[in-house]
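These protein sequence lines map, in sequence, to chains D and V.
Residue numbers for the first sequence, in my numbering: 1 to 292.
Residue numbers for the second sequence, in my numbering: 1001 to 1193.
No lab work stands behind these hints: they were computed from the structure.
Glycine residues also receive a C-beta, built at the ideal position from the N, C-alpha and C atoms.
Careful: at least some of the hints might be erroneous.
Stated by the list, open to error - In silico DSS-like links for lysine-lysine, alpha-carbon gap of 25 Å or less:
1. V/K1026 x D/K80
2. D/K288 x D/K83
3. D/K288 x D/K80
4. D/K59 x D/K83
5. V/K1136 x D/K83
6. D/K59 x V/K1136
7. D/K288 x V/K1136
8. D/K83 x V/K1086
To be verified - Example chain D residues on the side facing chain V (calculated, C-beta under 10 Å, incomplete):
9. E16
10. W176
11. Q200
12. P264
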Amino acid sequence: MSVQTQKPSDLTPRQEPAISPLQKLNRAIYRQAPEVFDSIKLLPYNVYKSIYRTTAFPKTERERSEAFFNSFLLHIQPAKIEKHALRFTYTFGLGLLSTYLFLLLTLTGILLMFFYVPATDQAYFRMLDLRSSVSFGGIMRGMHFWSANAMIGAVFFHMCRVFYTGAYKPPRELNWVVGVILFVLTLVMGFTGYLLPWDQLAFWAITVGANIAGKADYISTSLTGLGLPDLHFGLFTKNMLLGGDVVGQEALLRFYVLHVALLPVILFSLIVWHFWLIRKTGGISSPKESPE
Amino acid sequence: MAKRVREEEIFPRNPNKTYGLMEIVKGSSPRVDRGPDDMVSSWPHLLIREAILFAACFVIVLALALWAPPPLEKPADPTKPPNPAKAPWYFLGLQELVSYDAFWGGLGIPGIVIIGLMFIPYLDRHHSGIGRWFAKSRSTACWAFTLIFVVPSIILIIIGTYFRGPNWGFYPPWNMPVEPPIILHSIFGGMGL
């Protein structure tokens, strides 16, 4: 801080006492990075502080709010919430349940990907391996199967809850639309995953489903009455989906790519948008919005 | 800052004032121009509920995986079609509709339903009954949704799952033919496929 004025006595070289190289190093560290020893001492606290930013165990109201503001995972949610929104019988936790099931599906799905090959001559035997020789393979597949079925139910009943409580009304229109798209995508996710075990159930179910998609031919056939050429919408859709006329290797590969790559990314993005829209449209619906 | 002051210094007694300090209440934030609200901190009230829900969800899914393992039938064989061939359960309502009319059942009606669902909030904009289950002022909307969407979806899935047997014939579940005959030329006949 202060400018040192050098006295003549300082100019004369002082006799330095003999010091060991270790002491020399010590001095060098103190001279160039005096805080390093403190840093080592405070390492655990500083790591903790960098993660929680405030505190992991908030006590005051301010700290409780900060716990939400300062956490990446929690900042999606409001720091303060209406008591009404916490009543279990208002939402039955269905929206969050759908999210949790999606997370479980992602987790078990990634684990299953380590053991699965989307080839018609291997897929089924990989299923058998999961049951017999892969550690916890049966549990992984079981959890994936039940989470998938439960998610379809949870999303459907979540949609019913939102309707029966009038939660889709302005200003939440767009979030309802995103929700409907998420519902359809959940069904498509289930459908594309259904083929992957490559057993009789899977093969014939997808055959039936793809034939339903082929029914769009009715539209293009009807349009020929307007002088348009018959574009075979249904046949086109079916061929795009299956990569051929029947369910085979190409279909298995397409369903696999849709199921593990394309659809999860779209679904995840829409879930994020869904959450964002909840916050931006005033949080969860409340009876205060329409006094009766 | 911590200097003790007498009440009169902050709130001087003024005979012209029609208000005064009534009471000092415990609180962490000033409440100006606001009525009493019923907000609570998300930490821990929301967080603990979310944690419990996740634990319950995880345990139930794990229990189902352990005690009710998913089905695995024989390897896929394009030459041995089952009778009837059924779609995944959530599409059995759709398959049931397809058995009545191929286009309208498979695409027409489902398409109209999905588009219709998306338009609900743009058509029903009246600001009533938000935040209550089955609000009286919304009874028409609730009935319409139930009778047009919820009940038909569930009933069609139940019929498709439990009441449809060989050649998509209607059988009660207690009288379902045990070994369905495989007739190659008509497996898709009943489904209009």
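Status of the hints after comparison with the structure:
1. V/K1026 x D/K80: 18 Å, holds
2. D/K288 x D/K83: It holds: about 12 Å lies between the C-alpha atoms, which stays within 25 Å.
3. D/K288 x D/K80: 16 Å, holds
4. D/K59 x D/K83: 20 Å, holds
5. V/K1136 x D/K83: 23 Å, holds
6. D/K59 x V/K1136: 42 Å, violated
7. D/K288 x V/K1136: Holds, at roughly 16 Å.
8. D/K83 x V/K1086: 46 Å, violated
9. E16: 51 Å, violated
10. W176: It holds, given that the least Cβ distance between D/W176 and chain V is near 5 Å, below 10 Å.
11. Q200: 4 Å, holds
12. P264: 18 Å, violated
Of the numbered hints listed earlier, those contradicted by the structure are 6, 8, 9 and 12.
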